[in-house]
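Quick mapping for you: the protein sequence lines, in order, are chains A and B. Under my numbering, the residues of the first sequence are numbered 1 to 165, in order. Under my numbering, the residues of the second sequence are numbered 1 to 322, in order.
These are computed hints drawn from the structure, not numbers from a lab. Just so you know, these numbers come straight off a predicted model, no measurement behind them. One should not assume that every hint holds.
[As the list claims (entries may be wrong)] Facing chain A, a subset of chain B residues (Cβ under 7 Å, in silico): (1) Glu-35; (2) Ile-38; (3) Ala-43; (4) Pro-249; (5) Leu-252; (6) Pro-256.
[Stated by the list, open to error] Selected chain A positions facing chain B (in silico; Cβ < 8 Å): (7) Glu-11; (8) Glu-14; (9) Asp-56; (10) Leu-59; (11) Tyr-60; (12) Leu-64; (13) Ile-73; (14) Phe-110; (15) Pro-113; (16) Ser-117.
[Stated by the list, open to error] The following residues of chain B were derived to be distant from chain A, with all beta-carbon distances above 10 Å: (17) His-14; (18) Pro-42; (19) Leu-44; (20) Val-50; (21) Arg-122; (22) Ala-124; (23) Lys-151; (24) Lys-159; (25) Pro-236; (26) Glu-240; (27) Arg-243; (28) Asn-268; (29) Thr-290; (30) Tyr-301.
Glycine included, each C-beta is placed from N, C-alpha and C at the ideal position.
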Amino acid sequence: MSRALQRMAVEILELAHGTDDLVLIGIQRRGVELAERIARLIERDESVDVPRGALDITLYRDDLGTVGPNPVIGETRLPGDLTGKHAVIVDDVLYTGRTVRAALDELADFGRPKRISLAVLVDRGGRELPIQADVVGTAVKTSADDRVEVQVEELDGHDQVDIVR
Amino acid sequence: MTSSLGKDLTGLEHMTPEQIRLILDTAEPFKEVSERPIKKVPALRGKTIVNLFFEASTRTRISFEFAEKRLSADTVNVAASGSSVSKGETLVDTAKNLEAMRIDMVVIRHPSSGAAEFLGNRIASNVINAGDGKHEHPTQALLDLLTIRDKHGKIEGLKVCLVGDVLHSRVARSNIWGLSKLGAEVAVCGPWTLMPRGIEDLGVKVFSRIEEAIEWADVLNVLRLQLERMEKGFIPSLREYYRVFGVTPERLERAPRDITIMHPGPMNRGVEIDSRVADGPHSIILEQVTNGVAVRMAVLYLLAGGRAELADAAKRGGGGSE
């Protein structure tokens with residue numbers, strides 16, 4: 001996983017042409033940890049501070065009526081106004097695209113970034129919306145019955161990606 | 001529709017500590033929504049909520065309305081003050097009419113104890129009690145609990161004293177239930193004419209002198225002296241009440257520790273509470289108001305949630321991130 005994150009950090013730098021307006025925004029929960037790690041990798045290589053934030057999209061979901069409330073709503077914390085910034089959304093798994101759709105809606109309520117990109121550790125296909133990632137750690141083919149589980153050291157004690165079929 | 005809170009929120013008396021904690025924990029992230037440049041999330045988009053107020057209210061009604069609007073619900077306010085129709089007929093009738101208009105939730109304040117539960121039992125929509133007679137005011141107690149938890153980092157083991165007109169206070173009743181369930185020690189203090197008979201049976205300490213309460217407490221929740229009570233002879237005069245029960249800096253100075261000061265509002269400055277205390281460093285009265293919106297957002301969000309069996313099915317089916 002660390003090699004994938006290193007590669008993602010490099011690709012994000014290329015995509016953003018440096019760190020000048022770059023803001024990394026992790027989606028709760030594991031996206032937040034991944035964004036933090038990528039930010040640290042960029043900071044190590046570039047010797048600059050990379051602002052990062054966390055986004056919980058629970059209140060922007062389109063399925064409250066079917067999945068019920070999620071009582072564990074995570075923290076949303078953004079590093080100031082996003083207007084004019086290049087925001088890179090970071091998440092662990094890209095699947096239907098509905099989480100990213102919600103994140104785009106939510107970000108729009110915090111300002112008008114000049115550009116929003118998407119970086120994901122695992123792209124498992126299965127999109128239900130016209131959304132694609134700009135930076136992908138690894139792409140895997142999965143069916144709807146599969147589960148992709150990402151574990152990160154900060155929350156789970158170790159780094160691991162499992163595909164449960 | 002049911003959630004882990006059930007269909008309605010009518011009072012804290014029959015809630016479990018886990019349900020109360022769920023509301024408080026859910027309120028945390030909602031605090032941040034009110035700090036955003038655009039103070040709005042789409043969680044309750046398309047839900048219709050009626051605020052049905054049969055009794056005067058400024059703070060509670062506005063707080064509910066902000067909470068509803070910040071969740072993107074559509075709201076209608078009905079002020080039915082002055083209605084002389086008897087309780088039973090009015091509510092059944094009102095309930096039928098509301099149902100016919102396809103609403104999703106009702107927030108009700110009513111001068112009769114039990115009105116919210118009465119309505120909840122007769123309509124399919126979610127009902128939230130915004131104060132019913134002398135019975136309960138659950139969202140006020142929940143916001144008090146949240147504010148105490150913010151200030152002290154816990155509720156368990158704290159000594160909280162409710163001061164003043166306990167007899168007529170639904171805030172006091174809901175606070176006693178909520179605080180006890182979360183493990184606080186609860187006391188009441190006030191003139192005996194304003195103490196309900198058998199209050200000790202609720203497991204609370206009773207102080208007849210404010211000095212004793214101040215000696216004992218970590219938190220004083222000073223209740224509003226309902227001025228209309230004075231005419232009915234419960235207390236001799238406002239000045240005498242202030243002299244005997246007023247929470248003043250002079251009295252607080254003798255306390256063995258800093259005492260957190262709360263008041264559900266509206267305050268009678270210079271009657272139950274001195275201005276220097278209300279505006280002093282240990283007052284968290286305005287934090288209570290801020291937290292009121294977050295707590296009400298949490299309650300609305302949790303009650304509006306989808307069906308539990310669908311939630312389970314969704315967890316089994318999809319799971320993980322999308």
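Going down the list of hints, with the structure as the test:
Hint on Glu-35 of chain B is violated. Least Cβ distance to chain A is approximately 10 Å, over the 7 Å limit. Nearest Cβ of chain A to the Cβ of Ile-38 of chain B: about 4 Å, under the 7 Å cut. The hint holds. With 7 Å as the threshold, the beta carbon of Ala-43 of chain B comes within range of chain A, its nearest partner Cβ sitting at about 4 Å, so the hint holds. The criterion of a C-beta within 7 Å of any C-beta in chain A is not met by Pro-249 of chain B, whose closest approach is roughly 38 Å, and the hint is violated.
For the restraint placing Leu-252 of chain B at the interface with chain A, the shortest Cβ-Cβ distance is roughly 36 Å, beyond the 7 Å limit, so the hint is violated. Annotation: Pro-256 of chain B was flagged as interfacial toward chain A, and the flag is violated, the nearest CB pair being 37 Å apart, outside 7 Å. Of the supplied interface hints, the one on Glu-11 of chain A is violated, with its beta-carbon coming no nearer than about 20 Å to a beta-carbon of chain B, more than 8 Å. A distance limit of 8 Å between C-beta atoms decides the matter here; for Glu-14 of chain A the minimum to chain B is near 25 Å, and the interface restraint is violated.
For the restraint placing Asp-56 of chain A at the interface with chain B, the shortest Cβ-Cβ distance is roughly 7 Å, inside the 8 Å limit, so the hint holds. This hint holds: Leu-59 of chain A has a C-beta 4 Å from the nearest C-beta of chain B, less than the 8 Å allowed. Because the smallest distance between the Cβ of Tyr-60 of chain A and any Cβ of chain B comes to about 6 Å, under 8 Å, the interface hint for this residue holds. Proximity of Leu-64 of chain A to chain B holds as hinted, the smallest CB-CB distance being about 6 Å (cut-off 8 Å).
Interface restraint check: Ile-73 of chain A against chain B, minimum CB-CB distance 4 Å, threshold 8 Å, status holds. Because the beta carbon of Phe-110 of chain A sits about 7 Å from the nearest beta carbon in chain B, less than 8 Å, this interface hint is met. The interface hint given for Pro-113 of chain A is broken, as the beta carbon of that residue sits about 13 Å from the closest beta carbon of chain B, more than 8 Å. About 18 Å separates the beta-carbon of Ser-117 of chain A from the nearest beta-carbon of chain B, more than 8 Å, and the hint is not met.
For His-14 of chain B, the non-interface assignment is confirmed: its Cβ lies about 20 Å from the closest Cβ of chain A, beyond the 10 Å cut-off. Residue placement check: Pro-42 of chain B does not keep its beta carbon more than 10 Å from all beta carbons of chain A (closest about 6 Å). Against chain A, the non-interface label of Leu-44 of chain B is violated: not every CB pair exceeds 10 Å, the least being about 8 Å. Annotated as non-interface, Val-50 of chain B keeps its C-beta farther than 10 Å from every C-beta of chain A; the closest such distance is 19 Å.
Distance check on Arg-122 of chain B: its Cβ is at least 24 Å (rounded) from any Cβ of chain A, clearing the 10 Å threshold; non-interface status holds. Against the 10 Å criterion, Ala-124 of chain B stays outside the reach of chain A, whose nearest CB is about 15 Å from its own CB. Separation of Lys-151 of chain B from chain A is adequate, the least Cβ-Cβ distance of about 20 Å exceeding the 10 Å criterion. Chain A leaves Lys-159 of chain B outside its interface by the beta-carbon criterion, the shortest separation being 29 Å against a cut-off of 10 Å.
Non-interface call for Pro-236 of chain B relative to chain A: holds, since the shortest CB-CB distance, roughly 50 Å, exceeds 10 Å. In this structure Glu-240 of chain B is separated from chain A by more than 10 Å, as the shortest Cβ-Cβ distance comes to about 48 Å. The Cβ of Arg-243 of chain B sits about 48 Å from the closest Cβ of chain A, beyond the 10 Å cut-off, so the non-interface label holds. Every CB of chain A is more than 10 Å from the CB of Asn-268 of chain B (nearest about 38 Å), matching its label as outside the interface.
No Cβ of chain A approaches the Cβ of Thr-290 of chain B within 10 Å, the least distance being about 17 Å, so the stated non-interface status holds. The Cβ of Tyr-301 of chain B does not lie farther than 10 Å from every Cβ of chain A; its closest approach is about 6 Å, which violates its non-interface assignment.
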